[in-house]
Amino acid sequence: MAYALQQLVNGLTLGMIYGLIAVGYTMVYGIIGMINFAHGDVFMVGAFLSLIALTGLGALGITAIPLALAITLILAAAITALYGWTMERVAYRPLRGSFRLAPLISAIGMSIALENYVQVAQGARVKPMAPIITGDFSLLTDGHFTAHLSVMQIAIVLTTLLVLVLFTWVVTRTPLGRAMRACEQDRKMAGLLGIDTDATISLTFVIGAALAAVAGLMFLLYYGVIDFFVGFIIGVKAFTAAVLGGIGSMPGAVLGGLAIGLIEVFWSAYFSVAYKDVAAFSILVIVLIFMPSGLLGRADVEKV
Amino acid sequence: MASPLLQVSGLTMRFGGLVAIDALDFEARSGEITAVIGPNGAGKTTVFNCITGFYKPTEGQLTLSPPGGRVLSLERMAGHRIAHYARVARTFQNIRLFAGMTVLENLLVAQHNALMPSVARGLLAVFGLGGYRGLERKAIAQAKFWLDAVELTERADDPAGSLPYGAQRRLEIARAMCTNPVMLCLDEPAAGLNPRESDELATLMRRIRDGGPGQPSCSVLLIEHDMGVVMSISDHIVVLDHGRKISDGTPAEVKADPAVIKAYLGEGDEDETPGGDAPVEDVA
Chain A
1 MAYALQQLVN GLTLGMIYGL IAVGYTMVYG IIGMINFAHG DVFMVGAFLS LIALTGLGAL
61 GITAIPLALA ITLILAAAIT ALYGWTMERV AYRPLRGSFR LAPLISAIGM SIALENYVQV
121 AQGARVKPMA PIITGDFSLL TDGHFTAHLS VMQIAIVLTT LLVLVLFTWV VTRTPLGRAM
181 RACEQDRKMA GLLGIDTDAT ISLTFVIGAA LAAVAGLMFL LYYGVIDFFV GFIIGVKAFT
241 AAVLGGIGSM PGAVLGGLAI GLIEVFWSAY FSVAYKDVAA FSILVIVLIF MPSGLLGRAD
301 VEKV
Chain B
305 MASPLLQVSG LTMRFGGLVA IDALDFEARS GEITAVIGPN GAGKTTVFNC ITGFYKPTEG
365 QLTLSPPGGR VLSLERMAGH RIAHYARVAR TFQNIRLFAG MTVLENLLVA QHNALMPSVA
425 RGLLAVFGLG GYRGLERKAI AQAKFWLDAV ELTERADDPA GSLPYGAQRR LEIARAMCTN
485 PVMLCLDEPA AGLNPRESDE LATLMRRIRD GGPGQPSCSV LLIEHDMGVV MSISDHIVVL
545 DHGRKISDGT PAEVKADPAV IKAYLGEGDE DETPGGDAPV EDVA
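If you're matching them up, the sequences are chains A and B in order. Sequence positions in the first sequence follow the working numbering and run 1 to 304. Sequence positions in the second sequence follow the working numbering and run 305 to 588.
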């Protein structure tokens, strides 16, 4: 019982991080119908920027942990957002209107470019970071096993929830969000109503990258190790989460992220760590066979 | 006679070897309903697409002279700039509402530029600053005004896609009006409407043309196949056939024009169409 509870806590924490990244995939897909394969690497850049910011702040003598984390969060999100904006501007916008595969190839190129850039700039070795949030609570003991809930996990889940609530509010209640949803449904029509669709698409990338940066910081804090390649597998998982939840649906992305996180953790705990990715992707295949548009995705209905 | 609002001169649109519009000249005057009619394939929608920036015309000028003395060349502007700065709005033959958004949201999207004058202001708006609340109140008031005008107030919070067909058509017009246009281009607004709905539509179009309290007058450019609607509400009719203008005048003049009768009854072929090139001036 305690063991299962522990897995639940771990799975939810991991799932939250996947969910944050998955939102970025799903938003970009929703608005321009392309899979931004470089998004996982944007997450990696966010993690590196967080590490640099934390180290820098430590060197400056800002050691109050909540303050340092808040500054890091804002800095990393802002700079990563700039990366997202630049990426859209140089690699995707010039290809808009060309054949469908072109931006996809460009995204793969962007992904490799970002990985190598970080590898050259930061070195290929893994970067460790000492845990800066410590302490935990015992939840439940049965037999020899005690389930723990660490302060770190609480912080990750709370921050993620807060960011998601803010983000949902922006999308549903502000003119920015309305413009995004309008572009998503009919980009040409949105343009005819006077919405600058190019600016709206840029904004989508900016918001997606900022969310990925938050995920990057959380990942860094949780695992304490990052390298230049970390964005690849996490990116693929988050993409899977977005597809599982129904690509194009934002609540679906979070739900998909939680599902993938839980599946992975429970499979590792009860069966085999080596096959955890097989489990996650098998579930994806099964869900898609029975629900081709994902858990919360809406099927495309063409009106004739 | 009212002043010309939109002047189309020498408009030509070629798609490869196909000439969809051939040296078309006409004008739409402010405060009037101008109808563009013609048999299928005459190039009516192509004219609309050129005016609203969907297509870049191969040749020719589209000059808009809105009140205030500015003169704008629409053929050089991008689509969203035409909607924003030139204030030309349009609807489509096939309805293009944002089906997943509510009726009210559809009308608020149309006021995006009023609500978000710049990205910086938009960011302030996210936090409810920068006078955003006042702007939003005004936008909602404008949306409510048009909801009343098209009798959809009760359905304001329903998804636009769930409305019946006639209501969706009305909502599309209301949405276009929320951009606060000086010219409204309607592409077959009466298609698929029953006679009662067509009558209501005609009343709405007259109301848009005449303006009223809280609403400035807006000129209407109309493509329509329903001749009953066209003849009863138009101030001025332009008849196209095979991309050329074959007649231009008041409803009575056009109805009596032998070239129009010929085009509609299908006599002869395009080579014999008389009076194709010379623009006919008239008094309206």
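Warning: the hint list may mix true and false statements.
[Claimed, not checked] BS3-like mimics (lysine-lysine), calculated; alpha carbons at most 30 Å apart, straight line: (1) A:Lys188 <-> B:Lys566; (2) B:Lys448 <-> A:Lys188; (3) A:Lys188 <-> B:Lys559; (4) A:Lys276 <-> A:Lys127.
[As the list claims (entries may be wrong)] Examples of chain A residues toward chain B, derived with CB under 10 Å: (5) Ala64; (6) Asp186; (7) Gly194; (8) Lys276.
Simulated from the structure, these hints should not be mistaken for lab results. Glycine included, every Cβ here is placed at the ideal spot set by N, Cα and C.
Evaluated hints:
| no. | hint | in the structure |
| --- | --- | --- |
| 1 | A:Lys188 <-> B:Lys566 | violated (37 Å) |
| 2 | B:Lys448 <-> A:Lys188 | holds (25 Å) |
| 3 | A:Lys188 <-> B:Lys559 | violated (36 Å) |
| 4 | A:Lys276 <-> A:Lys127 | holds (24 Å) |
| 5 | Ala64 | violated (25 Å) |
| 6 | Asp186 | holds (6 Å) |
| 7 | Gly194 | holds (4 Å) |
| 8 | Lys276 | violated (36 Å) |
Of the numbered hints listed earlier, those contradicted by the structure are 1, 3, 5 and 8.
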